[in-house]
Amino acid sequence: MSASANVEVKVGDCSNEDPQKLAAFEEHVANGGLIEPNDWMPEAYRSLMLRMAEHHANSEIVGALPEGEWIVKAPSLLRKLALTAKVQDEVGHGQMLYEVAQDLGKSRNAMLRDLITGVTKYHNCFNYPCPTWADICMIAWLIDGAAILNQGTLAHGSFGPYIRTMRRINMEEAFHFKHGEDMVLTLMSGTDSQKQMAQEAFDRWWEPSIAFFGPNDRPDELERPAMRWRMKTATNDDLRQKFVNRFAPAAMATGLVINVCTKDDQGNVTSATPDPLLKLDEETGHWGFTQPNWEEFFRVIRGNGPCNKDRLALRRFSYEQGEWVRKAILDGTTTPCKN
Amino acid sequence: MLSESRTNVPEAKGELQTQEVQKFPIWEVFTKKKESAVHLHAGSLSAPDSDLAQCFAREHYGQDQPCVNMWVTKRDFLTADSGENEFYELFVQWGAGLRYEHVGEVEACNGVEARDKCKELFCADKKYFTIWSCPNSGITKIDGSTDMIWRETTDQAYRLASGYSKVVRKKWEALRASKAVDDYQSEDLKDTY
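If you're matching them up, the sequences are chains A and B in order. Note that the first sequence covers residues 1 to 339 in our numbering. Note that the second sequence covers residues 1 to 193 in our numbering.
Bound conformation, chain A alone (with noise of 0.2 Å):
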């Protein structure tokens, strides 16, 4: 799971950039063509590149935290089983997009540590609380779910490492998702209390699975150097559109009900109404819905949401813990292991 779909960048303008190559490089990107590392490239696009791969890998190792923490407690062998080879699938994301962000000109351990001492960012999805299995589930279907979403339209992007990547993790989440649907698709046939715990989760998760997709459009956002230089292919109005369309009457036929809630500051649901505007839209066969929260959005962004601190203090303690582990390797005092 992950996304870089959100991430917000600040792109200085191209006026120091040689007006001919960067005409070539614009008329080969719009007419389909890929970029290789080797390639020329303006230096806003290898910025833009190079923030969005490390977003989308701080995602992924960020992502893994909430998760790993539900190993031990997986409620049958299988699940564990599953669940440690989606923890370990998230992590193996977050190293192959660190190894893509470092041939563009940072280096890994820069990366690392900038995510613990909150110079970037993660994802925002993964800033709010996991209080129960059911929450596992939800992660798996619809944060999952939206991922492949986006980085569906992600791997027809224009740079060719980043999508080489994208197809090959997309590959992984595909296994991620199938499981998450069996597990959502398993309490829902269950018992009322496995029933209510389902649909407390999703109560939780329905609001950031939408938000997931990034703020609104902008009136300009096929202008934008994202959209320009083709490393998004979709806005993200309209991937959010395509999730809600998928998801909602899925939702609605294993019984679980999309309610608009409210929820204090530990991210628990205070109110849970159900969602007005939910309807089809027989002519356009869009669904209607409730927008995310955009205020707090933002203020979960700028580092107050629930889980904010939590994360970034287990990171934080992990990265502290393993110095030994990474000292031996330099030292040349391990020995490999294998299977």
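Just to be clear, a hint being listed does not mean it is correct.
[Stated by the list, open to error] Keeping only pairs whose Cα atoms sit at most 16 Å apart, straight-line, the calculated EDC-like set for lysine to aspartate or glutamate is:
no., chain 1, residue 1, chain 2, residue 2
1, A, LYS80, B, ASP49
2, A, LYS327, B, GLU20
3, A, LYS106, A, GLU200
4, B, LYS13, A, GLU320
5, A, LYS242, B, ASP188
6, A, LYS242, B, ASP183
7, A, LYS106, B, GLU20
8, B, LYS23, A, GLU43
9, A, LYS327, B, ASP49
Since the hints were made in silico from the structure, they are not lab data.
Since the structure of chain A is already known, use the hints to place chain B on it.
Just chain B now, with coordinates in the frame of chain A:
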């Protein structure tokens, strides 16, 4: 309790009390999904030495999807002009954005000659984007049949989408019409790349 060792971690403030790690060399990994396939570039990794590069390669590129054979080499070798007289493995990227594909090997006295021979032997009349050559002495080859990479001795279905497809389909069909499930599943992704 183990599960609680991860919660209520004290919040640390100030500078990180760890040393900067020096930049590791970069390694490229090629994997072969099944015996009848060729080695394809899987991705890169950072590691201080060859032993750890192999260890990380297994972890990151060999255990998330089927893999019967894996090659690991230092990135520098792939574009080096110099070299000794020996066999070189050749990889071609047929177009920007595509994965490097193993096309064969040649005997050559250095990297430049190996890539020239690659153009003649494997790229004649064909458009290609870039070529990598790697001296056999610089590549670590891991054969999954004698040195297991992807675990085949135990059931791995739990970590593949295909391991859930049937049961999930059945559960959906108990709730929705087949047509609605088809529409919903039309956006599913395949689980191999």
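We went through each hint and held it up to the structure:
| no. | hint | verdict |
| --- | --- | --- |
| 1 | A:LYS80 x B:ASP49 | violated, 33 Å |
| 2 | A:LYS327 x B:GLU20 | holds, 10 Å |
| 3 | A:LYS106 x A:GLU200 | violated, 41 Å |
| 4 | B:LYS13 x A:GLU320 | holds, 12 Å |
| 5 | A:LYS242 x B:ASP188 | holds, 13 Å |
| 6 | A:LYS242 x B:ASP183 | holds, 12 Å |
| 7 | A:LYS106 x B:GLU20 | holds, 14 Å |
| 8 | B:LYS23 x A:GLU43 | violated, 23 Å |
| 9 | A:LYS327 x B:ASP49 | holds, 14 Å |
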